[in-house]
Amino acid sequence: MVKINIYKHNNIEKLLIHSIMKFKSINEFLFDLENFLYKNNEYIDTKQIFITGLARSGTSAALNSFCKSNLYGSLTYDDIPFLLCPNLFNKFKKYFKKKTNINERAHGDGISISQQSPEALEEFFWKKELNNNYIEKEFLVENKILDENIVNFQKYINLILQKYKKKIYISKNNNNILRISYISQKLKDSIILIFFRNPIDHCRSLMEQHLNFQKLQTQNKFVLKYMNYLGHYEFGKNLKRFKIGEYNKKNPENIDFWIEVWINYYKFVLDNLNYKNIHLICYEDLAEKKNEYIKKKINNKYFDQNLDFSEYNNKNKKNIFIENDFKYANQIYEKLRELS
Numbered sequence: 073m074v075k076i077n078i079y080k081h082n083n084i085e086k087l088l089i090h091s092i093m094k095f096k097s098i099n100e101f102l103f104d105l106e107n108f109l110y111k112n113n114e115y116i117d118t119k120q121i122f123i124t125g126l127a128r129s130g131t132s133a134a135l136n137s138f139c140k141s142n143l144y145g146s147l148t149y150d151d152i153p154f155l156l157c158p159n160l161f162n163k164f165k166k167y168f169k170k171k172t173n174i175n176e177r178a179h180g181d182g183i184s185i186s187q188q189s190p191e192a193l194e195e196f197f198w199k200k201e202l203n204n205n206y207i208e209k210e211f212l213v214e215n216k217i218l219d220e221n222i223v224n225f226q227k228y229i230n231l232i233l234q235k236y237k238k239k240i241y242i243s244k245n246n247n248n249i250l251r252i253s254y255i256s257q258k259l260k261d262s263i264i265l266i267f268f269r270n271p272i273d274h275c276r277s278l279m280e281q282h283l284n285f286q287k288l289q290t291q292n293k294f295v296l297k298y299m300n301y302l303g304h305y306e307f308g309k310n311l312k313r314f315k316i317g318e319y320n321k322k323n324p325e326n327i328d329f330w331i332e333v334w335i336n337y338y339k340f341v342l343d344n345l346n347y348k349n350i351h352l353i354c355y356e357d358l359a360e361k362k363n364e365y366i367k368k369k370i371n372n373k374y375f376d377q378n379l380d381f382s383e384y385n386n387k388n389k390k391n392i393f394i395e396n397d398f399k400y401a402n403q404i405y406e407k408l409r410e411l412s
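Numbering (this note's numbering), first residue to last: 73 to 412.
Any given hint might turn out to be false.
To be verified - Okay, derived cross-link-like pairs now, DSS-like style, lysine-lysine, Cα gap no bigger than 27 angstroms in a straight line:
#, residue 1, residue 2
1, Lys209, Lys86
2, Lys399, Lys387
3, Lys315, Lys399
4, Lys348, Lys321
5, Lys199, Lys96
6, Lys258, Lys339
7, Lys399, Lys321
8, Lys258, Lys237
9, Lys96, Lys209
10, Lys309, Lys322
11, Lys348, Lys368
12, Lys258, Lys373
13, Lys362, Lys407
14, Lys260, Lys369
15, Lys312, Lys209
16, Lys309, Lys369
17, Lys368, Lys260
18, Lys287, Lys297
19, Lys258, Lys216
20, Lys297, Lys339
21, Lys373, Lys361
To be verified - Per label pair, the in silico range of CB-to-CB distance:
#, residue 1, residue 2, range
22, Tyr400, Val213, 19 to 29 angstroms
23, Leu87, Asn203, 20 to 30 angstroms
24, Lys387, Lys293, 36 to 46 angstroms
25, Asn203, Lys260, 20 to 30 angstroms
No lab work stands behind these hints: they were computed from the structure. Backbone N, C-alpha and C fix where the C-beta goes; we use that ideal spot for every residue, glycine too.
All chains, please: the whole structure from these sequences, using the hints.
Encoded structure:
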């Protein structure tokens, strides 16, 4: 299987992407225009499922499994670069889009994608809505969300569902940890699934992808700009950690750096589990028990009984480490597993 290269565009396509995605004023105009033209209260009482977790925790595979069902609506590669006006763009996309085959994504992790595949694109809305004020040089900081931001987010969700003719919104957004309390409290009909994974294999995977994307971004500078536009800072040359703990490690090419990231992230999760609509999802248990496991987590009104998790497999390498940081991370992992 050949890796898909969603970053390989001709000069005209690159100009279009830069012109649309770079400028906040253009996206604000497009969002307002979309709301004016496609205002529709039909989906005002929609339900939402938010998939989140530290990158490489299995969130992409889970999103794909949900979206095989006909029940859920999510942004897809087909919405790029007009992410804030999916309905308007849908009328004209034949002039901008080329069909792509199904190929393996750039991560090289066996996940296949096409233009119709769901992807973590929701963050583009929050970058516009919050004016990038949570993005620092080395960190992403916790968000301060106003009621007007939530109202706009609900409008955005309705626009996406209107395009895809669905009534349950689903997204995968690893950055939602920064605004999880607001989403939990303000979107009371939402369910938030926080994925976690054995820290040994999880940290190894994070480091491997960091090196992978560093190489990609060095070979193709457009990759770096593209990921910045989308708010993807998980690894690579534009790496930014979540400012939700103390950091002493400086070298992301060392596994200790990622252990520290893992510990800070999931300590924060344990401290913010005081909302009934937050559920922990264990990567290993989901891979082993699949539908039986997920059925216990989601209320039937959100849940398609025919969800297919058959391709969700545990590929952990299960190497054993005895360093103190790994021991501490494993203690957190076991606590998360008890609560899941």
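Evaluation of the provided hints:
| no. | hint | result |
| --- | --- | --- |
| 1 | Lys209 to Lys86 | 25 angstroms, holds |
| 2 | Lys399 to Lys387 | 21 angstroms, holds |
| 3 | Lys315 to Lys399 | 23 angstroms, holds |
| 4 | Lys348 to Lys321 | 34 angstroms, violated |
| 5 | Lys199 to Lys96 | 9 angstroms, holds |
| 6 | Lys258 to Lys339 | 23 angstroms, holds |
| 7 | Lys399 to Lys321 | 17 angstroms, holds |
| 8 | Lys258 to Lys237 | 24 angstroms, holds |
| 9 | Lys96 to Lys209 | 19 angstroms, holds |
| 10 | Lys309 to Lys322 | 14 angstroms, holds |
| 11 | Lys348 to Lys368 | 14 angstroms, holds |
| 12 | Lys258 to Lys373 | 19 angstroms, holds |
| 13 | Lys362 to Lys407 | 21 angstroms, holds |
| 14 | Lys260 to Lys369 | 16 angstroms, holds |
| 15 | Lys312 to Lys209 | 7 angstroms, holds |
| 16 | Lys309 to Lys369 | 36 angstroms, violated |
| 17 | Lys368 to Lys260 | 19 angstroms, holds |
| 18 | Lys287 to Lys297 | 14 angstroms, holds |
| 19 | Lys258 to Lys216 | 13 angstroms, holds |
| 20 | Lys297 to Lys339 | 31 angstroms, violated |
| 21 | Lys373 to Lys361 | 21 angstroms, holds |
| 22 | Tyr400 to Val213: 19 to 29 angstroms | 24 angstroms, holds |
| 23 | Leu87 to Asn203: 20 to 30 angstroms | 25 angstroms, holds |
| 24 | Lys387 to Lys293: 36 to 46 angstroms | 31 angstroms, violated |
| 25 | Asn203 to Lys260: 20 to 30 angstroms | 26 angstroms, holds |
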